[in-house]
Structures are given as structure tokens and as C-alpha cells.
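Trainee: Chain residues, written in single-letter form:
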Amino acid sequence: NAGVTQTPKFQVLKTGQSMTLQCAQDMNHEYMSWYRQDPGMGLRLIHYSVGAGITDQGEVPNGYNVSRSTTEDFPLRLLSAAPSQTSVYFCASSYGEAGELFFGEGSRLTVL
Amino acid sequence: AQSVAQPEDQVNVAEGNPLTVKCTYSVSGNPYLFWYVQYPNRGLQFLLKYITGDNLVKGSYGFEAEFNKSQTSFHLKKPSALVSDSALYFCAVTIITGGGNKLTFGTGTQLKVEL
Chain A
-7 NAGVTQTPKF QVLKTGQSMT LQCAQDMNHE YMSWYRQDPG MGLRLIHYSV GAGITDQGEV
53 PNGYNVSRST TEDFPLRLLS AAPSQTSVYF CASSYGEAGE LFFGEGSRLT VL
Chain B
82 AQSVAQPEDQ VNVAEGNPLT VKCTYSVSGN PYLFWYVQYP NRGLQFLLKY ITGDNLVKGS
142 YGFEAEFNKS QTSFHLKKPS ALVSDSALYF CAVTIITGGG NKLTFGTGTQ LKVEL
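Sequences listed follow chains A and B, in order. Under my numbering, read the first sequence as residues -7 to 104, first letter to last. Under my numbering, read the second sequence as residues 82 to 196, first letter to last.
Treat each hint with caution, since some may be false.
Chain A residues, not near chain B, derived (Cβ > 10 angstroms throughout) [as the list claims (entries may be wrong)]:
1) N(-7)
2) G32
3) L71
4) A84
5) L93
If you want the footprint, here are the derived chain A segments under chain B, 3+ residues with CB under 8 angstroms [unchecked claim]:
6) 4 to 10
7) 35 to 49
8) 61 to 67
Just some of the chain B residues that point at chain A, by a computed CB distance under 10 angstroms [stated by the list, open to error]:
9) D90
10) V94
11) N182
No wet-lab data here; the hints were simulated from the structure. Please read all numbers here as calculations on a predicted model, not as lab measurements. Even for Gly, the Cβ is constructed at its ideal location relative to N, Cα and C.
Chain A with its partners taken away, still in its complex shape (with noise of 0.2 angstroms):
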């Protein structure tokens, strides 16, 4: 297995600019979800999944879009880039509502 496969690990973008981090699983997880992880601020929610064709917003989800098309892959897209959202993002799933998260290796975007 080889868990939760994020891409790309590293990205810059330009303000303003539209990208697509990937997010594939292959441990047939109803759960996924997204964080991102900022200095002092530990891992804060931006969208979430409980199965294919169902999405919901977490803490953080302004500039940000989802879509759950297959149980396997939950894409973060970003539509218009700003600063803000530079910063490291993880992918997440799980096996219900309480299990433990197995996390993708992170994707480091930068924003300029």
C-alpha cells in the first residue's frame, strides 16, 4: 500500500494564479480531508469529505475548492491564489468518523 500520495511536493505559484494539489488513497478511506499548516498555528481544517460526491467546508475554507468524484482521490484546488495561502497543506483519510488520520508527506506552496 502506499498510503495517501500527495502531489506536488513542492510548488510556487504567482498571485492570482489557479493550481490543483492531488490527494490519492489506496486504503478504500471513506474519510478524507484537507489541512494546512501554518508556524504557531498547528493544522486548521479547509474541506472535508465523508464519501464520494459529499464535501463539506471546514475552518478554513475561503479560496479553496474540493471535489470527491471517487472514494480514491479528493483534489484541493485553489482558484486564484493569494499570499496568504502560502503555506504547507496536508492530505488526510481515515477509516470513520474517529479513526486515526493517515497523512500524505505535505506540499509546500508558496505564493508570491
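Add chain B to chain A, keeping to what the hints say.
Mentor: Relative to chain A, chain B alone:
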């Protein structure tokens, strides 16, 4: 709203000594509590969790945590620290709502274990 506090940004301990990383939480309902560890430039890894039952939870790499309902705390402990335990530790909490796995994380505590 749920929240987690990790009052120490950094904890220093000598190898072989016991370590404690503190965590307190606030939720409306029965808490599900977790500890995760993050090594540099890596994703978070699960250490242990409390759901119900015994207040002392044992996890990976010799770590354990004690749930204290009256003090709303879930401190992480290890009897004898190793240099390889040096990492960033996160406490997290959630409750069951039927609406997804939505963990709230603390700000993290950097653990430094020195020879």
C-alpha cells in the same frame, strides 16, 4: 466549538529522563483525543488515541497518555526519552457528530531530547 491548548512551545529533556508533553482540551460532548508526531519535512504520524475506557492509553514507540476528565487534560508521557524522540508533537480532539472526521489540533510542542 472545540479547542486544544498545548501550553509549551518547546520541551527539553535529557536522554533517559521521563518526558511529559502537556495538552488540555475543550469540547461539548465526549472527546476523542489523539497524539500525532511530525518529523522534519514529513507528514504527521499517529501515536495513540483515547476513545473510552482505561484512562491510561499506550501507543507507539513506548509513548503513553493519561486522560483526565476533571482537568480536561490528555498529557503525553514516556518513561525514558530517546534522542530519536526529538520531533514536533500535536494533540488533537474531535467528537462524534455523524458529519466527518474533523480533528481540531493544538499548535504543537517541539520536543528536544539531548544527550
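Trainee: None of the hints should be skipped; say for each whether it holds.
Mentor: Results for each hint:
Every CB of chain B is more than 10 angstroms from the CB of A:N(-7) (nearest about 15 angstroms), matching its label as outside the interface. Annotated as non-interface, A:G32 brings its C-beta within 10 angstroms of a C-beta of chain B; the closest such distance is 6 angstroms. Distance to chain B confirms A:L71 as a non-interface residue, since its nearest Cβ pair spans about 22 angstroms, more than 10 angstroms. Not every C-beta of chain B lies more than 10 angstroms from that of A:A84, the closest at about 8 angstroms, which undercuts listing it as non-interface.
With a closest Cβ-Cβ approach of about 7 angstroms to chain B, A:L93 is found to fall inside the 10 angstroms limit, against its non-interface label. Note: the region 4 to 10 of chain A has 0 residues with beta-carbon separation from chain B under 8 angstroms; the three-residue rule is not met and the coverage is violated. Coverage of a stretch by a chain is defined here by at least three residues with a beta carbon nearer than 8 angstroms to that chain's beta carbons; for the region 35 to 49 of chain A and chain B the count is 7, and the condition holds. Interface restraint, the region 61 to 67 of chain A with chain B: violated (0 residues with C-beta to C-beta distance below 8 angstroms; minimum three).
Annotation: B:D90 was flagged as interfacial toward chain A, and the flag holds, the nearest CB pair being 8 angstroms apart, inside 10 angstroms. The beta carbon of B:V94 is not positioned within 10 angstroms of any beta carbon in chain A (closest approach about 22 angstroms), and the interface hint is therefore violated. Because the smallest distance between the Cβ of B:N182 and any Cβ of chain A comes to about 4 angstroms, under 10 angstroms, the interface hint for this residue holds.
Comparing the model with each numbered hint stated earlier shows that hints 2, 4, 5, 6, 8, 10 do not hold.
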